[in-house]
Amino acid sequence: MKNKLLNSIKTTAGAVFIVTILMTIVVQILTGHFYTAYNLSTFIRSASFTIIIGFAQTLVLLLGGIDLSVASIAGLCSMIFAMLTTVGGVNPFLAIVIALAAGAVLGAINGIFICSLNLTPFIVTLATSALYKGIIYVATKGIPLTGIPASVTVIGQGSLFGVVPYPAVIMLVLAVVLMYMLRYTSFGRHIYAVGGNESAARIVGIQSSKTKMGVYALTGFISSLAGVLMVLRLASSQVNIGENWAMPSITAAVLGGTSMNGGIGGIGGTIIGGLLMSVISFSISLLGISSYWDQIVTGIVVLIAVSIDAIRRRNSKA
Amino acid sequence: MTEYLLSMNQIVKQFPGTLALDHVDFNLKAGEVMALIGENGAGKSTLMNVLMGILQPDSGEIILNGEKIENKSPYEALQKKIGMVPQELNLVPELSIAENIFLGLHQKKGRRMDWRQTTVKAKEMMEKLEVDIDPGIKVSEVSAAYQQLVSIARTLVFGSNIIILDEPTASLTLNETEHLFRNVRKLKEEGKAIIIITHHLDEVQEISDRVTIMRDGKFVKACDTKDISIDEMIYHMANQKVEKNQRVERKVSDEIFLEVKNFSRGREFKDINFEVKKGEIYGVAGLVGAGRTELFSCIYGLTQKDSGQLFFNGTEITIHSPAEAIAHGIGLVPEERRKQGMFPVLSICENIMMLNYDKVKSKGKINFSKAKEIADHHIEALRIKTPGADTLIKNLSGGNQQKVILGRWMEKNVKLLILDEPTRGIDVRAKGEIYKLVREMADMGITIIVISSEMDELLTIADRIMIMNAGSLKGVLMPDEDMAREDLLKVALN
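Chains as they are written, first to last, in my numbering: chain A, 32 to 349; chain B, 26 to 519.
A portion of the hints provided could be inaccurate.
Keeping only pairs whose Cα atoms sit at most 20 angstroms apart, straight-line, the calculated EDC-like set for lysine to aspartate or glutamate is [as the list claims (entries may be wrong)]:
1) K243/B with D50/B
2) K211/B with E149/B
3) K437/B with D468/B
4) K302/B with E284/B
5) K364/B with E229/A
6) K153/B with E214/B
7) K241/A with D383/B
8) K54/B with E92/B
9) K241/A with E349/B
10) K419/B with E229/A
11) K213/B with E228/B
Heads up, incomplete: computed chain B residues facing chain A, CB under 7 angstroms, no partners named [what the hints assert, rightly or not]:
12) G135
13) G354
14) L357
15) A495
Source of the hints: derived by calculation from the structure; they are not laboratory data.
Here a beta-carbon is modelled for each residue, glycine too, at the ideal position from N, C-alpha and C.
In isolation and in its complexed conformation, chain A is listed as follows (with noise of 0.2 angstroms):
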């Protein structure tokens, strides 16, 4: 058990997780708020969306390919969702379940082009990413939605027995069902296969096609519960709801020990990823210091921790 704890310090995430720890403790001391309760219900349920939208660029990442549309995607969704409620009447729990599914689709659009003409993913996700950010601007001419009903907006304000906001329930009940199926079921072992080498996969017999169309379709799906979580958070749809989850999205991944050559890492290191990086900004803006320092200070961070992988990489290679 000791062992086991030990090892997992030594891997990426368990660093990286210690580092968040100790950066809550020094801000907790220079201001005296960061573990309050309502700091940390507010810091909590900021950081879920960060770790959703984490946990979709991860499912690609260990696939071997990578998803810049899932921002657009967590975007086109929440207007879709939007847009049935407030203009079309539609039943909201409906109109849910109508937006996941469509991200669903979205994410199997990528798919279809990367598995059918082989394409490099990088190149057809920045495609879609720009087509789907279009339809936003066009459907809405920029206009923000309100008038989201209250039956459904409690989703994403209010909180599980008045402590632990949904977001933040709804993200460990994803995380532990993606850890299951990662972990537990044929899918899950597949997408490490191919990841891990496509080629070997295939002569296992495993459709790597297959594999490919339901990971990008699962990203899409998890993108959307992200996009539309953010709507029933803010009661209304605004054109830039996701807009800058994409980088932040493989950040949280590479941190939590995501490799971007794909076959290893998980989910879990991923909660920790996201966790860091949503205590960077919470702690900044606590400290008062401009906004503008998150990305710098990110930046910073990143390079570090990524440089301590590579060098204690190199010092075990034999």
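The hints should help you fit chain B onto chain A, whose structure is shown.
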């Protein structure tokens, strides 16, 4: 002035957990071919990496031409006229032959690249190595043998006096090997010293003047090649007597298991007809480019045939994908283990179970303790040397990796197993173990196809050998103890 061009004295290199080089001595004379031999992990490559400046020794000294030198990088080594042709060639595939040869030593007119001069000199270089080729062609478009010669040419333009060849013949055909050896002899006559790292002891006898043998990171012996027999070499490499891989005559049933009729695909192979019996070990020989791998990739469903029929156990089947081949009970152990055979960053257990998870699933959930039991069973049955089933496969030796891949198909209960170059890059002792396992599998009734460029391997293991050349089947032989590789070659070229 000492008699040696190069002396490496008491070299020590410590890696975490292992002493990779333990006070190793290595001496080289000008104008000689030195064979450096030892089992995998003996420290041959580490020693050469120290010489090339890729690794820094913890202690010990390197004396070149009577002067003590220190190489901090391969570039420094090159400037001291030491060049290496690594096993995995370090060429830029999308650049031309000429540009690859002069990488790092650009031909210039003032500040401008002189492409004309580059091309002319590259052409001269290749002609010297008996290759008539347009140096403007991309490296990715020429054969492995030519790529290797490009790599050798690169060491020559730096004026290297010492040239290290790491496993140079691993992916060469017999003809290409002869071509390479002609070049090696020529370079030797020019006074260059050549170090060849190899597993092929017959090649050691053919080409080298002296041999240095290493074992477990230690220097064991150096002597003139003519003073040592292959058996003695093996004895020193393994520190025990290793039986030479003997041919075993097997009884094979008359039941025809696989029948291939009129198989053709594009320019790869044409009108191939053969049949394999149940439990037979069926060898497939031929020169590289004969269409062997292509034929069996097609049978396995990796590519689609143009025409032809496939009969499996008497009934005709069609296969469009590896998944369908596996469903029919066919398995493939591919030629390139690292690129196609295994999942390097996954454990032994997962490498075996990846296509067998259905067996250990209950209600869709994979039961990993059951999976591990199965993996442990194969580790024991196949005598895989590893701390446990959780070890990543990339940390095993080549022979053990190959056994894991065999275990994968054993667990799948395949009826037909295609082995493409099953012992490439695997040392003598591990080879023998693989042969034994293959025979055991055939005795269990599994039909086995062995594609190999090593004629001796086929003569040792196969019950029958089919010979291909340039996409056609040239003949089928029943090997016996007196048959030599020349007999196979005769059929291939006839």
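We went through each hint and held it up to the structure:
no.	hint	result
1	K243/B with D50/B	9 angstroms, holds
2	K211/B with E149/B	15 angstroms, holds
3	K437/B with D468/B	17 angstroms, holds
4	K302/B with E284/B	9 angstroms, holds
5	K364/B with E229/A	9 angstroms, holds
6	K153/B with E214/B	13 angstroms, holds
7	K241/A with D383/B	17 angstroms, holds
8	K54/B with E92/B	15 angstroms, holds
9	K241/A with E349/B	15 angstroms, holds
10	K419/B with E229/A	16 angstroms, holds
11	K213/B with E228/B	16 angstroms, holds
12	G135	39 angstroms, violated
13	G354	12 angstroms, violated
14	L357	6 angstroms, holds
15	A495	26 angstroms, violated
Violation of the numbered hints given earlier is confined to hints 12, 13, 15; the remaining hints are satisfied by the structure.
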